[in-house]
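Chains as they are written, first to last, in full-length UniProt numbering: chain V, 1 to 371; chain F, 1 to 371; chain R, 1 to 371; chain U, 1 to 371.
If you're looking for bench data, these hints aren't it; they were derived computationally from the structure. Even glycine gets a Cβ: it sits at the ideal position worked out from N, Cα and C. One or more hints might be untrue.
As the list claims (entries may be wrong) - From the derived model, a few chain R residues whose C-beta atoms are all more than 10 angstroms from chain U:
# : residue
1 : ALA117
2 : GLN148
3 : VAL273
Unchecked claim - Taking lysine-lysine and the DSSO-like style, the derived pairs with C-alpha atoms no more than 27 angstroms apart in a straight line are:
#  : chain 1 : residue 1 : chain 2 : residue 2
4  : R       : LYS221    : U       : LYS269
5  : R       : LYS176    : U       : LYS269
6  : F       : LYS269    : V       : LYS221
7  : V       : LYS125    : V       : LYS60
8  : R       : LYS269    : U       : LYS221
9  : V       : LYS269    : F       : LYS269
10 : R       : LYS176    : R       : LYS221
11 : U       : LYS269    : F       : LYS269
12 : R       : LYS269    : U       : LYS176
As a plain string of letters, each chain reads:
Number of protein chains: 4
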Amino acid sequence: MKASIGVGLIGTGYMGKCHALAWNSVKPVFGSGPQPRLVHLAEVNADIAQTKADEFGFAKATGDWRDLIADPEVDVVSVTTPNAFHAEMAIAALQAGKHVWCEKPMAVALADAERMAAVANASGKVAVLGYNYIQNPLVRHIGALLEQGAIGQVNHVRLEMDEDFMADPEALFYWKSEASSGYGALDDFGVHPLSLLHILFGSVTRVFAHLAKPYPTRPTKDGAARAVETFDIASVLFEMGEGISGVMALNRSAWGRKGRIALQIFGSKGSIVYDQERMNELQLYTTDGPGTERGYRTILTAPQHAPYDRFIPAPGHGLGFNDLKIIECHELLNAIAGQPARVIDFAKGLVIERTVHAMARSHEEQRWVEV
Amino acid sequence: MKASIGVGLIGTGYMGKCHALAWNSVKPVFGSGPQPRLVHLAEVNADIAQTKADEFGFAKATGDWRDLIADPEVDVVSVTTPNAFHAEMAIAALQAGKHVWCEKPMAVALADAERMAAVANASGKVAVLGYNYIQNPLVRHIGALLEQGAIGQVNHVRLEMDEDFMADPEALFYWKSEASSGYGALDDFGVHPLSLLHILFGSVTRVFAHLAKPYPTRPTKDGAARAVETFDIASVLFEMGEGISGVMALNRSAWGRKGRIALQIFGSKGSIVYDQERMNELQLYTTDGPGTERGYRTILTAPQHAPYDRFIPAPGHGLGFNDLKIIECHELLNAIAGQPARVIDFAKGLVIERTVHAMARSHEEQRWVEV
Amino acid sequence: MKASIGVGLIGTGYMGKCHALAWNSVKPVFGSGPQPRLVHLAEVNADIAQTKADEFGFAKATGDWRDLIADPEVDVVSVTTPNAFHAEMAIAALQAGKHVWCEKPMAVALADAERMAAVANASGKVAVLGYNYIQNPLVRHIGALLEQGAIGQVNHVRLEMDEDFMADPEALFYWKSEASSGYGALDDFGVHPLSLLHILFGSVTRVFAHLAKPYPTRPTKDGAARAVETFDIASVLFEMGEGISGVMALNRSAWGRKGRIALQIFGSKGSIVYDQERMNELQLYTTDGPGTERGYRTILTAPQHAPYDRFIPAPGHGLGFNDLKIIECHELLNAIAGQPARVIDFAKGLVIERTVHAMARSHEEQRWVEV
Amino acid sequence: MKASIGVGLIGTGYMGKCHALAWNSVKPVFGSGPQPRLVHLAEVNADIAQTKADEFGFAKATGDWRDLIADPEVDVVSVTTPNAFHAEMAIAALQAGKHVWCEKPMAVALADAERMAAVANASGKVAVLGYNYIQNPLVRHIGALLEQGAIGQVNHVRLEMDEDFMADPEALFYWKSEASSGYGALDDFGVHPLSLLHILFGSVTRVFAHLAKPYPTRPTKDGAARAVETFDIASVLFEMGEGISGVMALNRSAWGRKGRIALQIFGSKGSIVYDQERMNELQLYTTDGPGTERGYRTILTAPQHAPYDRFIPAPGHGLGFNDLKIIECHELLNAIAGQPARVIDFAKGLVIERTVHAMARSHEEQRWVEV
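Given the sequences, and given the hints that come with them, work out the whole structure.
Written as C-alpha cells, this is what we have:
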C-alpha cells in the first residue's frame, strides 16, 4: 500500500465538509492505512474554494472542477455536488484514472446511473457511494446477528424514514417541489432504507408503491400558490427473496421527526428494532430463557461492536452522525487497497436506483412491479 | 331512566370475565346510571355456568343460551362467545327485545354481519360492539386534539398492530391457521386499528393489501407438517377522504410485541404518536413556541382526560386494559339511556367489516379496491 | 372457609371508592375465596353515606362509623378516612373482633402506630395496611428475581418518589403545609418506597436525612404569605443489613412527575430498574451471554407474572393502578383465611413508621440515626 | 489573532487520541480561529511516540516530554497523561510560557491542584481542564433555559453518574482499588457532575457524603483476596446557594450503566431531565398551556442549539462523544484569543477539587462539611 493517498474534493456544502472531516480524521482514528494528503478542492466560486481549502486543510483550490480531475497528485475524488452533477463528475474522474467517492443518490435519471456503473466497471477503479447509515457499528452488528441466526429466519421487515423539512405548508415553493428534482420522498429518502435492506438482506424483488402529496400547492414569493410536483410521502409494499415481505414508509413532511430511520426485523426466533434517531441503541428480542424474563433489550454501542473501539474505548459514550462518514472513508480506503470493504459500490448502487424507479413506475401504473 | 337494568351474559372465557368485571364495576366507578342487576349467565357447560355465575355474581345460570334470551328479567345481553356464534345470538337477542353488547368482530362472514346490522336497525334496540381501545381516555383526547386543530389538517396516518402469539413456528397447527377462522391477521387484528380510524377520522375509501405467511406450514401432533391457510401478516395501503393517505401493518407473528397498537398521525401543524403497549402515554408534537424547545411531549393520562377522573383523582397513576371495558359499559348504558355515546354500533361495525373484506379482495386481485 | 364475608367500609373519598371497587371485583377476578357481602358503609355525612352505599353496592349506610363497627354482619372493616382517624377506628374495629384493612400511613404520631400494632397483636385478628404498590405483579417478580439470584448479591439501592401536587408556589397554603399533617414528603411519600424496600429486602438499619422547603412561604386567601411548616423535599442516605447502601429521594413539588416511584437495584451480577409511571414494564440487566448482546431488557407484564393472569390472559395488555387494590384485597382474604399472604401487617407497618420517624430525627440532629 | 497555533501533545492513550482528533478537526468544523499546527508529540516510549505522531499528524515525536515543553514552536500543550503527572507537566508548560489544556481531574492531591491553580494564575497563560460534558450543546441549552427562567427558580437538583467497569466482583484487583488512586467513585466520577453543577449553577456550599464498598475484597492473580481500599459507590447530599438542595449518587460498579450522567433539575415552573447515555436528547417540562397537553417534551439537538450547526445542518442527526472534545478545543482557542469562552479553568477546577475533598472529609467525620 502506498504510504499516502492524494485527495480531491468537489463541493463544499454540508456533504463536502463531512467528507473533509472524514479525510482529516480517518488516519488518527484508525491508525492504519495510507495517510490522506488533502491535495485539491474544487468549488464553482473560486473565492469560496480558497477559503474552504484553508479551513479544510487542502493545499490547492480551484473554481473549475476539471482542474482537480486533471491534477496528477489526486488519487481519489470526493464528489459532493448537487445530484445533477454526480454523473458527469464521477465519470470524468473515473476516466481520468481516479477512484471516486460519490454522494448518494447516484443520479436523478436512471440512464445516468447506468452509465456511471458501466464506466466504473470498465475503469477498474474503486467507485463507492456515500451510504453512511450502513456504517453504524450497530447496523453492522444487526448484520452479524442475522448471520448468526440470532432471530432465526427473517420473514418480515418494516422500514420508516421520516423528517420534517417539508412539513410546513407555509414554506415557500422551492426546487424540492419541482418534478426535475425527482419523485420526492421516494428518491430523496428511499435510497437510505434501501441501502440498509441491501446490506442486510440483498435485493428487493417486487414492489407496490403509493405516492402522496400532503400539500397539493405551496405558496410562492408573490403570494400565489404553485402546484407541487413531487410527492413528500411514499408508502411501499415489497417482497424480497426467501419469503420476506415488507413495508417501507417515507415522509419528508412528518412534523416532529428529525432523522428517523426506523427498522423492524421479524424472524422465527426473535426480532430487532432500530431507530437512527437513537443511533447508539439497538433493540433485540430473542426467545431464549424463561418467559418471565423476555423482553426487548436495549444494547448500547460498545467497543465489541467494531469499529466503535477505534473511536472510544468505553461503552455507551456514543458515536455521532459525522463519525459514520469517517468509517465510510476507512472502508473506501480498504476497497482501494483491495481488501474486503463494507461499501455500496456503483454496481450495488445501481440496483438501489432501479428499485426506486420501479417503485415510481408501480405508483403510476397502480400495480406490482418486478425490480 | 330505570333505576336498574337486568344483565345477561353469554360466554365465560376471557371476554366473558371482562364483561362481568365491567358490569360489577360500572356503577361504583361512574356513580351515575342504572344499577346493573346480574340476572343470568349462559355457558354451554351447565356446571361451569353455575360456577362462573357464583364467581361473577349472577343470580341464575344455564347451559342453554336461549333460556337467557327468553328471560324477561334480562334487558341487555353480553355476547362473548366465539365469533361463529355472534350472529345467531345477537340476532336472537335483538329479536327478543334485548339490547346487545357483542364482542368484535361481528361475524366471520360478511353476510352475517349485514344481517346483524339489518336486524339491529329494525329492532330499535341498542346494539354495540366491544371495540374497547377507542375507550382509552387518551384516544378520546387524540380525537379532541384533532377537532381542536392541534396538529392542523391531517394528511397521513400509520397504524401497526403486532402481537406474537403466532410467532413460534414450532407451535402446533390449530384453528387460527385454518381458513374457516378468517383471513388471519387481517380480520383478527385489522378491526382494532380500523375502529380507531373510524372513531377519529371516519371511513376508509380505498385499500390495497398484501397478505403473507411467515410460516407456510406448521407441525401437527403426529409430527407431520400441515399447510397454513391463513395469513399472519397483512400490510395495507389506504386512502381516506380529505386527502389522507395511510399505511396499516399487522403481524400476529411479531416476536416481542405483546399488545402493540401503534398510531402515528401527521398533520400540517404537528403530529401525534401513540402505542397501546404504553396506553397511559400520548406523544404530541406541535409547532408552537421557539424551535429550540420543540419536541414530542409525553402526556400521561390525567383527571383532565375524562373519564380517567372517575377511576383515579391523581394524574399518572395509570389505567389498565380491563378499565377500558368499564368505560365501554358506561357508554353502552348511555346509549341505552338515549344519551350521546361513544360506541361502534352495528351499523358502524359493518363499515369496518366491509373494509376488512375489501382488503382481502384487494390481496386476491392485486389491485386497489374501493370500500 | 366461610362462603362469604361481611364487609364494612369507612370513608368514601378516593381510597374509599378504591376499596369499594376492590371488594366488588375480587371474587370475579380471582374466582376463589369467600364472596364479599357489602354490608355497611359509614361516612360522616349520612346523606352522602346513603348515596355512596347505592353506588358502591352496600346494603346499609350510616353517618356514624361506630354503627358499622357494632354491626355483627361485618367481618372486616376498610378504614379509608384521613390519617388522623386511623388509630381510633382501627383499634375500635379490632377490639370489636373485626379484621381491619387500613390505608397507610398508620397514623401521624408514632405512639398511635405503636398502639395500633399492639392492639392488632393482642386481637388475633388480621390487620393489614394498604400498601398497594407492593402488589404489582412486576414488583413481586422483582422479588422472585432477587431470590433466584438473577442479579447476584445486591449491594446498592436507589429509590425516588416524585409527584407535583405541591409544585406550584402560587397554590394557596393548605393543610399539607401545616406541621400537624406530619413532616411533609417524608411521611407523605416515604412510606411507599419503604414498603417496597421492606417487602424486597427487609429493614433499614441506619439513616441520614435532609429535609428541604422549596417554597418557604405560600400565599393565603387574603393575599398574605404564610410560612410553610412541612418539607416538600426529603433526601435520605441509608444502610440495610448485608452491606446494602442506599439513597432515597422524595419530592412532592417535582413539576412533571405524576406518579414516579423509581427503583434502581444494583447487584453483583446485574441490575433491575423500575418506575411506577410505567408500571407494566420492568428493566433487567444481567451479565449472561456475549458482551455484544447485553443490555437492559424491557419486560412487559405477562400471565407468567402472577396474578396478572387472573386479570388478562394475554401479555402486554396492562394492569392499572386500581387493579393493585384488587390484588391487595385478595391477599387480605388469604391472610384472613390463614393462608400465606403478601401483606404489610400492622407489625411490619410499625417498622416502616419507625424508619420514617428516625429519618426526621436524623434531619433535626444532623447525624446518622439507627432505626 | 495569529493565523496558526503550534500544538504539543503529551500522552497517546485514549485521551491523547481524543485531543489529537480535536486538533485535527477544530478548524474544518468551525472554520474560524487559528489553524492548529501539530508540532510535537511526547510519549514515554519513543517508538510509540513516532508511530502515534505519524497517525495523528504531528511533525515531531519525542520520548521525553521536556523536549516538547522546550520546543519554541509549541504554543499550547495538551496534557493527557495519568493523573499523577498532571501537576508536574502542566506547571512546567505554564512556566515555559505555554497555554495548557489538561485532562481532568487536576491532580490526586489537593495541594498539587492548588499549586497548579497558583502557577496558572501567575503565568497569565490560559490553563483549561478537559471537562467535555459541559460542551454538549444540550447542556449549554439547559443553561440558556435556566437563565431565561424557563423552569422558574430552581430549588432541587439530582445527579447520578454510573458505569459498570468496576461491577464484576471476579475481576482482578488492580490500581483503581488502591488508596493511592484516590477515594474511588468520588473523585473518579464526582468531578463530572460537579462540572455540570458549576457551569449551570455555581458552587456547592455544604456536603454530606457516604462512601461504600460493594465488594470488600477482590481476587488477585494468585487466587488470594485483597482488601479493596477505594469506594466504588458514593452518595452525597448537598446544598448550593439560593436555597437549592441536591443529591448526587455515583456508582462505578453499576451493572448495565455505561455512560450514565443523569441530571434532574426542579424549578418553580418546570423541570429538566437529561442523561448523557442519550446525549442528543433533553427532557423539558413546563407549566405553559392547558393541563391536558402538559408533559415532558423530548428535544433533539438541532442547529439552533449552537454549535451543533457547525457539525451538521439538519436536526436530530446526533453528535458523538468525541465531538464534545472538538467543541472544547474551540472554546480553548477562544480563551487563548481573549474572547469569552465556556471553559473550566484551573481556578474553577480547584473549586471542584475542593468540593470533592470536602465530601471525602464528610464521609470520614460523618458530618456536614462546608466547602
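The hints, checked one at a time:
1. ALA117: 30 angstroms, holds
2. GLN148: Consistent with the label, GLN148/R stays out of reach of chain U, its closest Cβ about 16 angstroms off (over 10 angstroms).
3. VAL273: Nearest chain U Cβ is 8 angstroms from VAL273/R, so the label is violated.
4. LYS221/R to LYS269/U: 21 angstroms, holds
5. LYS176/R to LYS269/U: Since the Cα atoms of LYS176/R and LYS269/U sit roughly 20 angstroms apart, the hinted pair holds (cutoff 27 angstroms).
6. LYS269/F to LYS221/V: 21 angstroms, holds
7. LYS125/V to LYS60/V: Within the cut-off at roughly 24 angstroms; holds.
8. LYS269/R to LYS221/U: With Cα atoms ~21 angstroms apart, LYS269/R and LYS221/U stay inside 27 angstroms; holds.
9. LYS269/V to LYS269/F: Distance ~41 angstroms between LYS269/V and LYS269/F Cα, so the pair is violated.
10. LYS176/R to LYS221/R: Since the Cα atoms of LYS176/R and LYS221/R sit roughly 16 angstroms apart, the hinted pair holds (cutoff 27 angstroms).
11. LYS269/U to LYS269/F: 26 angstroms, holds
12. LYS269/R to LYS176/U: Satisfied, since the Cα-Cα distance of roughly 20 angstroms is no more than 27 angstroms.
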